[in-house]
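Join the two chains, each given in its own frame, into one complex according to the hints.
These protein sequence lines are chains A and B, in that order. For the first sequence, position 187 (counting from the first letter as 1) is numbered 185 according to this note's numbering, and the numbering increases by one without interruption. For the second sequence, position 13 (counting from the first letter as 1) is numbered 62 according to this note's numbering, and the numbering increases by one without interruption.
A portion of the hints provided could be inaccurate.
What the hints assert, rightly or not - With beta-carbon atoms standing in for the labels, derived distance ranges:
1. B:R63 to A:D239: 47 to 57 Å
2. A:R62 to B:E227: 17 to 27 Å
3. B:R63 to A:S142: 43 to 53 Å
4. B:R296 to A:S58: 51 to 61 Å
Read the hints as simulated data drawn from the structure, not as lab findings. Note that the structure is predicted; figures quoted are calculated from it, not measured. Don't be surprised by glycine CBs; every beta carbon is placed ideally from N, CA and C.
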Amino acid sequence: MSALLEIENLRVAFNTRHGEVTALDSVSLTVNAGETLGVVGESGCGKSITALSVMGLIPSPPGRIAGGAIRLAGEDLTRVSEARMRALRGAELAMIFQEPMTSLNPVFTVGDQIAEAIMLHQKVGHAQAFRDAVALLDRVGIPSPDRRARDYPHQLSGGMRQRVMIAMAVSCRPRVLIADEPTTALDVTVQAQIFDLLNEIQRDFGAAIILITHDMGAISEMADRVAVMYAGRVIEEADADDVLDHPQHPYTRGLISCIPALGKGDTELREIPGVVPPLHRLGAGCAFAERCAHRNGRCDSGKPLLVNHGHHPAACHAVQEGRI
Amino acid sequence: MTDAVAFKPESPAREAWRMFRRNIPAMIGVVVLSIIVLATLWGTFFFAGNPYEIVWAPHEAPGVAPEFLLGTDYLGRDIFAGLVTGGGPTLAVGAAAAAITMVIGISLGALAGFYGGWVDNLLMRITEFFQVLPTLLFAMVLVTLFSPTLTTIALAIGVVSWPQTARLTRAEVMKIKELEYVTAARAIGAKNRRIIWQVILPNAAPPLIVSATLTIGVAILFEAGLSFLGLGDPNTMSWGLMIGSNRAYILDAWWPVTFPGLAIFLTVFSVSLIGDGLNDAFNPKLRER
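The following block holds chain B by itself, in its conformation from the complex (with noise of 0.2 Å):
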C-alpha cells in the first residue's frame, strides 16, 4: 500500500500539551499555582489553627512571633491562618463562578451559533441586556438582595460574566457548523443534539478552555473585590474578607493587607500565565508570529 503513513499516533490533546509543556512561563504558572492549591488544600484538611482565634496583640509585624510568622491583623489573628484557610473558600468561589459562567455562555451560545434565526436572535439580545449592564454594581445587587453566601457570590459572579463567553461559543459554533466534517456527521445520521456536543464544541473546545482559565481568574478579582466593598460573606474567612477588614488600617499596619493581596496576585496571575500557556500550545500559528 503506497498511502501508508508511518509516524508515531499523537492525539491533538498530547500535542498540545507537548507544546505547553515547553512554554516557560506557562510552567512557571503550573507551579506556582499547584503550591497555592496545595498549600490551601493543607490548611483546609490538616491545619489545625481558627484564622477567627485572637492569638496575641494586634499588628504585631511579621517576623516578630516565630510561631505568627505573618503578624497578626486589627483583631490580633494570625494573618498565617487566615491565609491558609482562606485560600479555599477563595478559590471555590473563582472555580464555581468560572464553571456557572461556562455552563450559561457554552449553552447559550452553542444554541444560538447553531440554530442561528430567531433563536440566536433572542439569545443575543439577551447576551446584550446582560452585556450592557454594569458587572461589578449588578453583582452587588444581586448579593444584596440574597444573603451573601459562598454560593450567593459564585452565583452572582457567574451570572454577570458569561455574556463574553456566550458570544466566544457564537463565534466558534457558527464557524464550525459550516466545516465539511459537520455535513458527513449529518450524512451518517446524527441528530442535532450529537452535532452539537460531540461534533462542534469538541472541536471549538481550545479556545474554551482558554477563556474558561482565564475566567477563573476573573472570578477570583471578583470575589476580592466584592469582599472588600464589604459584601463577601462574613462567616467565612477568604483572602478578599481579610483585605476589606483590613483596609482601614492600612496605614498602621501593611502586612494584613499585602499578604492576602499577594496570594490574590499570585494565584490569578499564575492562573493567566497557564491561560496564555493554553492559547499558545492549541494556537501554533499565532505562537509563530
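So here's chain A without its partners, still in its complex pose (with noise of 0.2 Å):
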C-alpha cells in the first residue's frame, strides 16, 4: 500500500544575499491515514519550511522547490495547477499555526471565518455555513458555541483561538492536517488538552496528522512516527518509541537528553552546545560535526546517509562506524 502523503527527495532552495542556499536537502517523509508522524528539530531546522512545501505555500521568491516530489494520494503536489492546489488547500490539505493569537484574522467574527473556510470549498449558503461553524466549534470543546461563534478572536484566549483554528482546519475534513508547533504559545495544562483534541479529531476523521515540534514531551504523547531533521535534512527517522527509547544519531541523543525528568536529582538544565548552522555556511561535510562529540575526519569530509545501520535509519557516520 502506499502512503497516503509521500515526501520524496524534497530539495527547496532560497535566493539570499548570500547565493542560492538550500533550505531542505533530499528530505523523504511519508504518512499514512490516520497516522502520526511527528518532525522535530531546533529552529531553523526546516520544520516549517517542510509544512508549507506540502501546503504549497513557500513564499516565491525567494523560496522555490528546486527537486523531488510531494504525492498526495499519487497526486505530485509540485506540478498542478496553482488553482487545483487551490482547491486541496482546506479541503484535502489543511494546517494549523504556531501563534493562535495572530493567525486569526482580527476584523472578523470567528463563527464568518470558519464559515468562510466552509463556504470556500462546499456549495452552501452563509446561514448554513454558519450552522456548520457552530457545531465545530462544540466538537472541538468550546462552550456556548452559538455565542462565541460571534465573537472576535481578541474576546478569546489563545486556548479557545487554537480550538478555533482547529475547527477551521478540519471543517472540510482535510485528509492531511499540518499543525506546526500548535501548543508553543499555550500553557501547558491547555496544551495536554489541544493535543486531546487533535487525537480525538483524528480518530473522528481519519486523518494523517503531521505535528511539528521541538518538544520531545509533544512526540512521546502525539507521535506514531518520528522524523528528526536538522540543517534541512532528515537525520533520523523511526518508530516514536524507536527513536525516543534508542536515540541513535548523537543530535537526536542530546535532543533527548535535554528532556529535564522530574525526580531525578538534575540541578542543571542540558543543552546542546552551538546553534545550528546558518545554511550558507553548510560545508561538504556533517552538518551536526561542529557540535558533536564523535566527530572525526570522515565527518567534516562527507555527508552521512540515512541508512539502517542496525536498528534504524540515521545519518551518522559514527553510527555507521558502530563508534557509538
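This is the structure:
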C-alpha cells in the first residue's frame, strides 16, 4: 500500500544575499492515513519549510521547490496548477499555525471565519455554513458555541483561539492536517487539552497528522513515527518508541537528554552546545559535526546518508562505524 | 472548560465608536458637519428661493433687511440663498472627488503592495509621475481641456490627489500581507483576490478611513480654489463660485466673500476634526502619548 502523503527527495532552495541556499535537502517522509508523524528539530532546521512546501505556500520568490516530489494519494503537488492547489488547500490539506494570537483575522468573528472556510470548498449558503461553524466549535470543545461564534478573536483566550483554528482546519475534513508547533504559545495545561483534541479529531476524521514541534514531550504523547530534522535534512526516522528509547544520531540523543526529568535530582538543565549553522555556510561534511562529540575526519569530508545501521535509519558516520 | 472568557462581545468598529464618542473635538465636528449637511439638504430640496435671481440692490449689508439676512452680492443676489443652495454642489464635488481618489488610490496601492515585483515597480513609477505634477496646475489644465462641469471638476481633483492614498494603501498592504492570518487564509484555499479584498483591506481600513475623511476636506478646498480662479462650473452655484465672482469687490463689501468662506472653513474644519477623531479612535496607542 502506498502512503497517503509521500515526500520524496524534496529539495527547496531560497535566493538570499548569500546566493542560493538549500533550505531542504533530499527530504523524504511518508505519512499514512490515521497516522501521526512527528517532525522534530531546533528552530531553523527546515520543519516549517517542509510544512509550507506540502501546503504549496513557500514564499516564491525567493523560495522554490528545486527538486523531488510531494505526492498526495499519488498526485504530485509540486506539478499541479495553482488552481488545483487552492482546491486542495483547506479541503484535503489543512494547517494549524503556531501563533493562535495572530493566525485569525482580527476584524471578523470566529464563526464567520470558519463559515468562510466552509463556503470556499462546499456549495452551501452562509446561514448553513455558520450553523456548521457553530457545530464545529462545539466539536472542538468550546462552551456555548453559538455565542462564541459571534465573538472576535481578541475576545478569546489563546487556547480557545487554537481550538477555533483547529475547527477551521478540520471544517472540510482534510486528509492531511499539518500542525506547526500548535501548542508552543499556550500554557502547559492547555497544551495537553489541545493534544487530546487533536487525537480525538484524528480518531473521528481519520486524518493523517504531521506534528511539527521541538518538544520531545509532545512527540512522546502524540506521534506514531518520528523524523528528526537538522539543517534541512532528515537525520533519523523511525517509530516514536524506537527513537525515544534508542536514539541513534548524536543530535537525537542530545535532544532526548535535554528533556528535564522530574525527581532525577538533576540540578542543571542540559543543552546541546552551539547552534544550527547558517545554511549558507554548510560545508561538504556533516552539518552537525561542529557540535558533535563523536566527530572525526570523515564527518568533515562527506555528508552521511540516512541508512539503517542496525536499529533504525540514521544519518551518522559514527553510528555507521559503530563508534557510538 | 478553563479557558472560557466571559465578557461582552464588542466588535473592533464598536470599540472605535466608543472611543470616538468620548472625543469632544471630534463630536463638535460631527455636530457642525451635521448642521451644514442638513442646511444643505434643506436648501437643495425645500428652499424656495433662487440664488441667481436679483432680489435687491447690490451690496446691501447683512442685517439691513430682515428677509435678506446675510445681505446681497455685487449683482443684488441673496447671499443666504447662495449659501444653502451652493452647499450641495460643493459637498457633492468634495465627496465625489474623495471617492474617486480612494477608488484609484486603494486599487493601485493594493495591487502594488500585494504583488510587489514588476507590478509594484510599474504602478509606483506611475504614482510618482502623478505625484510630481503640481496638483493645482494639473487640475486646472484638466478642467480647462474639458468643459468645467461638476463631473469634470470632481474627476480632475480625483486624478490629481490619488497618489498619496495609493502610497498609504501600498504600505499598509505590504505590512499586513506578511502577517500570519494572511498565510492562514491561503492555507484554507482563499484566492489572491479574496485575500486582498476580504482579508488585507478590511484590516487596512482604519488609516484609509481617516485618509478618506481628510481627502474630502482637501477636495472641497480644491473645488473652492478652482472656482476662485474662475475655473469652476459657472452654471452651478457653489461656495467657491460665490467667492470667486465676488472677490473683485472685497474692499467694498466683505460679506459676499466672507460667508461662503466661513462655510468652507467650517466644513473643512469639522471634517478634519472628525478625521482626527477617527484616527485617535483607531489608534489607541497614539492617543495615549
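Evaluated hints:
In this structure the supplied range 47 to 57 Å holds for R63 (chain B) paired with D239 (chain A), their Cβ-Cβ distance being about 53 Å. For R62 (chain A) paired with E227 (chain B), a C-beta distance near 19 Å keeps the hint of 17 to 27 Å intact. One distance hint, 43 to 53 Å for the beta-carbon pair R63 (chain B) and S142 (chain A), is violated here, with the actual separation near 20 Å. Checked against the hint of 51 to 61 Å, the pair R296 (chain B) and S58 (chain A) passes, with Cβ atoms roughly 60 Å apart.
In terms of the numbered hints stated before, the structure departs from hint 3 and from no other.
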